[in-house]
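Enquirer: Which chain is which? The protein sequence lines are A and B, in order.
Residue numbers are given in the numbering used here: position 337 of the first sequence equals residue 337, and the series is strictly consecutive.
Position in the second sequence counted from 1, then plus 444, gives you the numbering used here.
Simulated from the structure, these hints should not be mistaken for lab results.
Accuracy of the hints is not assured; some may be wrong.
To spell it out: a stretch of chain A is covered by chain B in this simulated footprint if at least three of its residues, at any positions, have a beta carbon under 8 Å from a beta carbon of chain B; those stretches are [said to hold, decoys possible]:
{"#": "1", "region": "105-116"}
{"#": "2", "region": "194-203"}
{"#": "3", "region": "365-373"}
{"#": "4", "region": "430-436"}
Below, simulated EDC-like cross-link-like pairs (lysine to aspartate or glutamate); rule was C-alpha separation at most 20 Å, straight line [said to hold, decoys possible]:
{"#": "5", "chain 1": "A", "residue 1": "41", "chain 2": "A", "residue 2": "196"}
{"#": "6", "chain 1": "A", "residue 1": "41", "chain 2": "A", "residue 2": "200"}
{"#": "7", "chain 1": "A", "residue 1": "206", "chain 2": "A", "residue 2": "216"}
{"#": "8", "chain 1": "A", "residue 1": "68", "chain 2": "B", "residue 2": "561"}
{"#": "9", "chain 1": "A", "residue 1": "66", "chain 2": "B", "residue 2": "499"}
{"#": "10", "chain 1": "A", "residue 1": "66", "chain 2": "A", "residue 2": "45"}
{"#": "11", "chain 1": "A", "residue 1": "66", "chain 2": "B", "residue 2": "491"}
{"#": "12", "chain 1": "B", "residue 1": "513", "chain 2": "A", "residue 2": "20"}
{"#": "13", "chain 1": "B", "residue 1": "511", "chain 2": "A", "residue 2": "20"}
{"#": "14", "chain 1": "A", "residue 1": "68", "chain 2": "B", "residue 2": "491"}
{"#": "15", "chain 1": "A", "residue 1": "68", "chain 2": "A", "residue 2": "92"}
{"#": "16", "chain 1": "A", "residue 1": "68", "chain 2": "B", "residue 2": "490"}
{"#": "17", "chain 1": "A", "residue 1": "66", "chain 2": "B", "residue 2": "490"}
{"#": "18", "chain 1": "B", "residue 1": "511", "chain 2": "B", "residue 2": "490"}
In silico negatives: residues of chain A with every beta carbon more than 12 Å from chain B [unchecked claim]:
{"#": "19", "residue": "126"}
{"#": "20", "residue": "248"}
{"#": "21", "residue": "355"}
For every residue, glycine included, the Cβ atom is placed at its ideal position computed from N, Cα and C.
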Amino acid sequence: MRRRLVGAVRRLYSWDHKSDPRIAWLSPMPPARSGIATYSKAVLEGLERIEYTPARRKIVPIWPIKHKHASTIPWHTMGVYHLGNNLEFHREIYDHAIRSPGLVVLHDLALDDFVNGMIARGHPFGHQALREGLMNAAAVADLPEARQNEPLRVPYVAHAARNARGIVVHSPFVERYLRSFGCRTPVFVAPHPVVERESDVRRARKRAAVLRGALETTGMRTLVGVFGDLNAAKLIDVVLEATARLPDDVHLVVVGRRIPGYDVEPLVRGSGLGGRVSLHRDVSDEDFLAWMCAADVAIDLRFPHRGEVSGSLARALQCGTPTVVSATGTYLDRSDDEVVHVRAGRLDPAELAAALRDLVDDPERRRRIGEAAHAHVAELVSSDATSHVYAEAIEGTLGLLREPARRALSRWGGALVDLGITEEGLEEGYGMSYARALEEFRPH
Amino acid sequence: MTSENDPREALEREVYWAETATPASRANRSEIRDLLHDFAMQVRADERQAVPLGEPNIASPSRVRRKAKMFQFRLFRPIRRRNDRLTAELAELTAVLADRVIGLEAEVRRLKAELEDRS
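Excised from the complex, chain A in its bound form:
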């Protein structure tokens, strides 16, 4: 009786022993002005659709991250951290991802701006990320993508990768990159989810006819479009020059979000295309999708490539709009049936114009590519592939964090590191007998 009473009093005053059984989902969410917000919403809807509840635990999105969350997030069963290259959206998420290791979703592979921003703001993890990146730079030097694209030469992502207990990526290329610098954290490749509802695409197609109608009165017969965040990496200047080399009935439309530090308007005005080019900035989601459906060809070039999977490309595939992409990194995951690859790097306008001319002159080829792209998306929708990979990733990481044998192995690994055992030591068999013995306690 006395012991029970002491236990009850102790429980009453043991302030920090009640963990939150839910899974914290740290990601920008709509209406945040980030593509990751839409992505995240689509993934959560997908998980709901397949009725996935991780070990009967609720997934709770946390956004915006407020000060009170700083003290509650570590108490969740597990955190799912969405990381991108934007300091404004991901600074706090990064902090929690390092302090309370869980499942990290990598939206950008090159975190150069992010890490430099952390250093500039005196964030304690900035220097750690920089050091780890520089330490691993030699390991990625042999990758052609790292040679071609400056942001991929230093793997700043190594720090986050080492501090994660599971990583979700959107492309096999990203996994290859992570493995190239010796990342041993389990990696799950989840295809980019289908972010738009089919009903919204149908509505956009109807509106596309209206948008095209207005341009057709000015003599337009083929519409080429650049979509997404308007930044230098999209090579909009090259696209403008290439369009100038095409027949006069080919018009260009540039639709997307304004990005601080890059102004596309002087380029458009100085292109000499006059009425053949139109610029639509910060349009609504409905208009964005309608323009994408209105285009005969979409152009999604990247230089430098940062290892990201393009949300605009995912939408273009869904709309069935044939897309010209750079033959690099994550873009190589799409087959030649679904997209048109052009040379990686800073493309010559004449090369792009030649690729575009082929498409402009061949409506049958455009139709074929568009249909293959749409079929790929339809397959993703019917299989719910993204949601299933996420379910597997959450389940796997949760299992890893909670499994008693693994916790013992973790302490063992820490002790070996304290003793100075490195990978060479492990190869010689140090510490293996205990690890093998622990294996017997694992559920099979």
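Following the hints, complete the assembly by docking chain B onto the known chain A.
Expert: Chain B alone, transformed into the frame defined by chain A:
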């Protein structure tokens, strides 16, 4: 998932994760300097914030308890802020000292080599 789960893989993975924080007892000179630098950065960042980010000891899933802890922490914040500043300055000075030690060791190595050449 791409990683296998045999004991060797699992142990290699745990060692990889554990290597995040180099134990101070095993750190070499430049690692000690980096650790001191990180520590100074951490304390400087804490100094600027009302409540240190991600500090589980000033946390609780219970709202009332969390508020009580925050209140208590903020009540003594002026004193702690001074301590944070002094600790950061101490850490920065020690990091400079570690820098000098690295320089001195290089100098000693050079002088030893010179001495050997002469003899």
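Enquirer: Could you run down the list of hints and mark each one as holding or not?
Expert: Verification of the hints:
1. 105-116: Coverage by chain B is violated here, the residue count being 0 at a Cβ distance below 8 Å.
2. 194-203: Check failed, 0 qualifying residues.
3. 365-373: violated (count 0)
4. 430-436: Check passed, 4 qualifying residues.
5. A:41 - A:196: holds (11 Å)
6. A:41 - A:200: holds (15 Å)
7. A:206 - A:216: holds (16 Å)
8. A:68 - B:561: violated (65 Å)
9. A:66 - B:499: Holds, because 14 Å separates the two Cα atoms, which is no more than 20 Å.
10. A:66 - A:45: violated (24 Å)
11. A:66 - B:491: holds (19 Å)
12. B:513 - A:20: At roughly 18 Å apart (the allowed maximum being 20 Å), residue 20 (chain A) and residue 513 (chain B) satisfy the hint.
13. B:511 - A:20: holds (17 Å)
14. A:68 - B:491: holds (18 Å)
15. A:68 - A:92: Given pair residue 68 (chain A), residue 92 (chain A) holds - Cα atoms ~12 Å apart, limit 20 Å.
16. A:68 - B:490: holds (16 Å)
17. A:66 - B:490: The hint holds at about 17 Å.
18. B:511 - B:490: Roughly 19 Å between the alpha carbons, so the hint for residue 511 (chain B) and residue 490 (chain B) holds.
19. 126: For residue 126 (chain A), whose nearest Cβ neighbour in chain B is about 8 Å away, the distance does not exceed 12 Å, so it is violated.
20. 248: holds (51 Å)
21. 355: holds (34 Å)
In this structure, the earlier hints numbered 1, 2, 3, 8, 10 and 19 are contradicted, and the remaining ones agree with it.
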